[in-house]
Amino acid sequence: MSNEYTPKSKAGKWFNDRLPLLTLGSHLTDYPTPKNLNYWWTFGGILTFCLLTQIITGIVLAMHYVAHADLAFASVEHIMRNVNYGWLIRYIHSNGASMFFLAVYIHIFRSLFYGSYKSPREVIWIIGLLIYLLMMATAFMGYVLPWGQMSFWGATVITSLFSAIPLVGESITTWLWGAYSVDNPTLNRFFSLHYLFPFLIVGLVILHIWALHVPGNNNPIGIDIKKPSKDTVPFHPYITIKDAFALLLFLIIFSGFVFFSPNVLGHSDNYIPANPLVTPAHIVPEWYLLPFYAILRSVPDKLGGVILMFGSIFILFVLPWLDTSKVRSAVFRPMYRYFYWIFVVDVLLLGYMGAMPAEGIYLALARIGTIYYFLHFIVVLPVLGLLEKTDPIPMSISAPVLSSGADPALAKKDYDKI
Amino acid sequence: MIRFNFKRLIIVISLTLIFIKPLFSAETIDPIKVNWSFKELTGKFDRASLQRGFQVYKEVCASCHSMQYLSYRNLGEPGGPEFTQEEVKAIAASVEIEDGPDSQGEMFVRPGKPSDKFKSPYPNVEASTVANGGAYPPDMSVLVKARPGGADYMYSVLMGYEEPPAGMKLDDGVYYNKYMIGQKIKMSSPLSDGIVEYSDGTEATMDQMAKDVTTFLAWAAEPELEERHRVGFKVIIYLILLTILVYLSMKKIWSRIDSEI
Chain A
1 MSNEYTPKSK
11 AGKWFNDRLP
21 LLTLGSHLTD
31 YPTPKNLNYW
41 WTFGGILTFC
51 LLTQIITGIV
61 LAMHYVAHAD
71 LAFASVEHIM
81 RNVNYGWLIR
91 YIHSNGASMF
101 FLAVYIHIFR
111 SLFYGSYKSP
121 REVIWIIGLL
131 IYLLMMATAF
141 MGYVLPWGQM
151 SFWGATVITS
161 LFSAIPLVGE
171 SITTWLWGAY
181 SVDNPTLNRF
191 FSLHYLFPFL
201 IVGLVILHIW
211 ALHVPGNNNP
221 IGIDIKKPSK
231 DTVPFHPYIT
241 IKDAFALLLF
251 LIIFSGFVFF
261 SPNVLGHSDN
271 YIPANPLVTP
281 AHIVPEWYLL
291 PFYAILRSVP
301 DKLGGVILMF
311 GSIFILFVLP
321 WLDTSKVRSA
331 VFRPMYRYFY
341 WIFVVDVLLL
351 GYMGAMPAEG
361 IYLALARIGT
371 IYYFLHFIVV
381 LPVLGLLEKT
391 DPIPMSISAP
401 VLSSGADPAL
411 AKKDYDKI
Chain B
1 MIRFNFKRLI
11 IVISLTLIFI
21 KPLFSAETID
31 PIKVNWSFKE
41 LTGKFDRASL
51 QRGFQVYKEV
61 CASCHSMQYL
71 SYRNLGEPGG
81 PEFTQEEVKA
91 IAASVEIEDG
101 PDSQGEMFVR
111 PGKPSDKFKS
121 PYPNVEASTV
131 ANGGAYPPDM
141 SVLVKARPGG
151 ADYMYSVLMG
161 YEEPPAGMKL
171 DDGVYYNKYM
181 IGQKIKMSSP
191 LSDGIVEYSD
201 GTEATMDQMA
211 KDVTTFLAWA
221 AEPELEERHR
231 VGFKVIIYLI
241 LLTILVYLSM
251 KKIWSRIDSE
261 I
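Top to bottom, those sequences are chains A and B.
With the numbering used here applied, the first sequence covers 1 to 418.
With the numbering used here applied, the second sequence covers 1 to 261.
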C-alpha cells in the first residue's frame, strides 16, 4: 500500500488514522497494472459482477421461494407468474449461473495460457480453485431448489457418489440426505447451504484479490515488471474503463440469453415436478459440470470414477509444481502452445461426452479424453519444461527485445495482436 | 502460428454451444416445424388464436388435464388472450369452487372468482391416474417448457396419431403416435374436425384447433413472453449504445499514454 497517501480533509485524516479505508481506496485506484493486459484479463471484473448479480437476485428470490418438497416447484411458478418481474429475476439468476461459469472457465484457461499460476502467484491460483470448487457446489445445490425432475435425479446421482467410499459410504450418504433418499430434509439443507456458500465465495474473492495485489498482475508476455513504471498504468481509470467496456459486451450476450432464450441452457425435464418413482431417460448435470461427469462415467468402477473425478480437479492444485517450465507465457513456448490447444479441445470433448449416453463410441472417446486429461498434467507439463526450447523473452513491455538479441518482429507480433 | 484473438473466442464459444446442446432425439422423430408468431425476437401471440385455444382447452383438454398454476384473472391480463373483465368474470363464475371453512367450520361451494386458480378436473394425482388407465394426464401449466421440442412437439403429437405399423401390437387403451417418445401414448386422439364450435366463426379443422390450443399452452407456460421480448429489445439497444459510448471514452482515456488497447 502506498504510504504517502494522506486525506485532504481534516475529518478524512481523523478517520483514516483510525481505519485506513481511504488508504485502501487509494491503493485500489492507483494499483499499478501492466499496460499490455488484453481482453482476456477483463474476466476478473466480469466475475465479480457475476457474483454480485447472483447474490442480489438470489436474495430477492429467497424472499419468495419456499424450500419444501411439496411447495418448491409451485413457489418457483409463483415467482414466474405473480411476483413483479419475478420471471426476469429468476431468469437472470438461472442464466447468470451459466454466464458465471462461462466467465470462470475463460478466466482459468487464460491463466493456463499465460502461466499466471506460476511463482510467485501460486496462492492466488489455489484460492481461485477453492472459489471454483465452492461455485460448483453452490450451482449444483441451486439447481436442486426448483425441485424438478432433473433437480431430484441430479441430486440423487451426485450425492450417491459418496456411497462409493468404503465402509462408511452408506452412512455418509444417509447423513448428507438427512433421510434414506433425497427428500425434504435434503432440499432444506441444500437451500441453507446455497444461501451460505456465496458469502464464503465473497470472502475468498477478497483473499484472491489481496493475494493478487502482492506480486501484481501477470501479463500477456509473462515477464516481471517494475511497478510503477513506464510499463504500468494506474488501475483507475485505465483498467476500470476497459473492464467496463468488456463487461458491457458480456452483458449483451447475457441479455440475449435472459430475454430471448432463457431456457436453452437448462433441461426441459426440470419443468416436470420431481417424482421419485419416475427416472428420466437421461440424467445430465448442467453443462458446466459435464466434463467431470464424463470422467466419472468413463471408469467402470464406481469408487474409481469418483476418485478420478475429484482427482481431475485436485490435480489443478499442484499444477504450479507440475509445470516445470520457468517461462510463464505460452507466447514464448511454441510447443506448450500446441499442447494447450489440444488440452482445450480435450476438455470440450469431455464436455460433449458428458452429455451423451455412456455407451459405445461415446464411452470410448470419454475414456481417451480422460486419460489424456491426466497425461497433460502428469506427463506433458513436467516433460515439456525440460525439453522445450523457448523463444527469447523481452526485457520489458515498453522495449520488448532491448539487448536480448531477439528478433523484435517475433516478440511484437505475438503480443501486439491482442 | 496459433493466434489468441477474438476470432478464436467466437469459435470456442460457438463450439461450446453446439456441444452443450443435448441431443436426445434418438428415439423420436423431429417434430413438425411450425412458423409460430411468438417465435421471433419480437414475437407476439396471436390474440384470436389464444382465445380460440382457450376454448379448445376448456371444452376438450380440461376434462382430464389440470392447469393449476394459472388463475382466471390471467386470461384478462396483457400479453395473454386478453378477454375483457366481464368475460373473465363470466368464465370464472362458470365453475364451482369449494371454499371454506366458514365461521361455522363448514366447507361450502361458491361460484369462481377471477382470483381463483383454474379448477382441476381431479382432486389429486392418484384420482386422475386411476381414472385414466394408469397414466395421469400431466398438468398443462408449463407443459410446453417441459418437452424438448416445445410448441412444435405439442402440435406434432396432436397431429401425429396414425394406424400403427404392421406387426406392432398395442394393448388396450394404448395408441400409436409417431411423434411421441416411444411412439406409444395412453391418450386417444383428443381432436377431430368440428369437435369444437368456434364462437368467432373460424372453421374448427383439426389443424386449426391443434395450432390454437398449442398457442394457448405456449402462453400458459410463458405468460411473460411478450413483455420479455419487449423489455429485452430495449435492454439490448440500451446496452449497445452504452457500449459505444464507453468504447469511445476508453479510446480517449488510453490515448493519453503510448499504448494500444
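These aren't lab readings, by the way, just hints derived from the structure by calculation.
Do not rely on the hints blindly, as some may be mistaken.
With a straight-line Cα cutoff of 20 Å, these simulated EDC-like cross-link-like pairs (lysine to aspartate or glutamate) come out [to be verified]: (1) B/Lys117 x B/Glu82; (2) B/Lys186 x B/Glu126; (3) B/Lys251 x A/Asp231; (4) A/Lys8 x A/Asp30; (5) B/Lys119 x B/Asp99; (6) B/Lys113 x B/Glu126; (7) B/Lys117 x A/Glu77; (8) B/Lys119 x A/Asp30; (9) B/Lys186 x B/Glu163; (10) B/Lys119 x A/Asp231; (11) B/Lys117 x A/Asp231.
Going by beta-carbon spacing under 7 Å, a handful of chain B positions derived as facing chain A [to be verified]: (12) Asp99; (13) Ser249; (14) Ile253.
Below, a sample of chain B positions facing chain A; criterion: calculated Cβ distance under 8 Å [stated by the list, open to error]: (15) Val142; (16) Val196; (17) Trp254.
Bear in mind the structure is a predicted one, so any value in this text is a computation, not a measurement.
Note that CB positions come from ideal geometry on N, CA and C, so glycine has one too.
Results of checking the hints against the structure:
1. B/Lys117 x B/Glu82: holds, 17 Å
2. B/Lys186 x B/Glu126: Judged against 20 Å, a Cα distance of about 16 Å means the pair holds.
3. B/Lys251 x A/Asp231: Judged against 20 Å, a Cα distance of about 18 Å means the pair holds.
4. A/Lys8 x A/Asp30: Roughly 17 Å separates the two Cα atoms, so the pair holds.
5. B/Lys119 x B/Asp99: holds, 12 Å
6. B/Lys113 x B/Glu126: With Cα atoms ~27 Å apart, lysine 113 of chain B and glutamate 126 of chain B exceed 20 Å; violated.
7. B/Lys117 x A/Glu77: Satisfied, since the Cα-Cα distance of roughly 13 Å is no more than 20 Å.
8. B/Lys119 x A/Asp30: Cα-Cα ~64 Å, so violated.
9. B/Lys186 x B/Glu163: holds, 14 Å
10. B/Lys119 x A/Asp231: violated, 70 Å
11. B/Lys117 x A/Asp231: violated, 66 Å
12. Asp99: violated, 19 Å
13. Ser249: holds, 6 Å
14. Ile253: holds, 5 Å
15. Val142: At 5 Å from the nearest chain A Cβ, valine 142 of chain B passes the 8 Å test, so the hint holds.
16. Val196: violated, 27 Å
17. Trp254: holds, 7 Å
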